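Sequence lines, in order, name chains B and C. Numbers 1 to 174, taken from UniProt numbering, label the letters of the first sequence in order. Numbers 1 to 174, taken from UniProt numbering, label the letters of the second sequence in order.
What the hints contain is simulated information worked out from the structure, not anything from laboratory work. A quick note: this is a predicted structure, and the numbers were derived from the prediction, not measured. The beta-carbon is built from N, C-alpha and C at its ideal position, and this holds for glycine as well. Certain hints may be false.
[Stated by the list, open to error] Short derived list, chain C residues pointing at chain B, Cβ under 8 Å:
| id | residue |
| --- | --- |
| 1 | I67 |
| 2 | R83 |
| 3 | S108 |
| 4 | A125 |
| 5 | L152 |
Protein chains: 2
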Amino acid sequence: MCDYSIRNARVEDASDILRLAKDLAHHDHVPPEIMTATEQDIARDMSDWFHSIVLEHEAAGSATKEIVGFALWSYGYIPVVGRNLNLASLYVCPHHRGRGLGYSLIQSVAKIGYNKGCLRIRLLANESNKKAHEFYTRIKFTNSTRTEGWELLHIYGPDFENLALQQPKIPQDF
Amino acid sequence: MCDYSIRNARVEDASDILRLAKDLAHHDHVPPEIMTATEQDIARDMSDWFHSIVLEHEAAGSATKEIVGFALWSYGYIPVVGRNLNLASLYVCPHHRGRGLGYSLIQSVAKIGYNKGCLRIRLLANESNKKAHEFYTRIKFTNSTRTEGWELLHIYGPDFENLALQQPKIPQDF
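For reference, chain B alone in the conformation it holds in the complex:
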């Protein structure tokens, strides 16, 4: 296992992160037309909008390392509870699976979040992704949609723009 290592992502990893994120999105059946983020977006938004760690592999006899997995998250807050970590992505390339590398990534994310005072990790898993559910259940995540009824609502595209660009009805100072 010593030919693998995990480190904080750097701006120059943006193209690798985008490549792996697209692999993951494809696997999650994300419609290609909404995948508009570019390498420049990823590089610009790293640190301010999200944090990421990358999994590197050093092939035997090779002097170079290849990025073969990543995890990406943002921090959030539940007012009466406190700090939490919102895991957006966790991915290991197919050829490198079955070695506990996904576990090492989530363990690293948990450690970083814990050290920052987070009290929980939250993530969204698609009900169709049985392997993801099995993985997270095995490491003691619980499905809060099933047990507590939490459902994800969202607004985007023209509906979001219309809401955002309306004339306010009561005074605002921002």
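Guided by the hints, dock chain C onto chain B, whose structure is given.
Leaving out everything else, chain C in the frame of chain B:
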């Protein structure tokens, strides 16, 4: 309506935000034992961990304003998509409802997020909270759990600590 106004929250609003957040959590049946956040936590974490706006009311003939509602959010990232806004709370005190103030709050949140380059707003609504679902559906939010199968998974308490505090199996540089 001109006796209401909306402004960015300030550190000195922490006790009002916590009071309103507790009202909302009570309404959402959040178990009291997990409501551990204090006024000091809220004041410390404002700006770095979350952002908030407050709704003020100036009663006729009164020189003072009272905070009667708030919205609270953090920013997040979907790697292949881009920036998004995670709305954690939106609340208007019962006596002030029925005047479109909740709508003014969400419209303000949308405007702030849009101006920061967010492409969507996400939020979690409990399936038991029919009024919340009606409100968000009316203003064009869609239920992504129902239409796309996204479910919320989480880990917290001793399970989270155990995951975070384990000895890593592969080298890490953080």
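Hints versus structure:
{"no.": "1", "hint": "I67", "in the structure": "violated (14 Å)"}
{"no.": "2", "hint": "R83", "in the structure": "holds (6 Å)"}
{"no.": "3", "hint": "S108", "in the structure": "holds (6 Å)"}
{"no.": "4", "hint": "A125", "in the structure": "holds (5 Å)"}
{"no.": "5", "hint": "L152", "in the structure": "holds (4 Å)"}
The structure fails hint 1 only (numbered hints given earlier).
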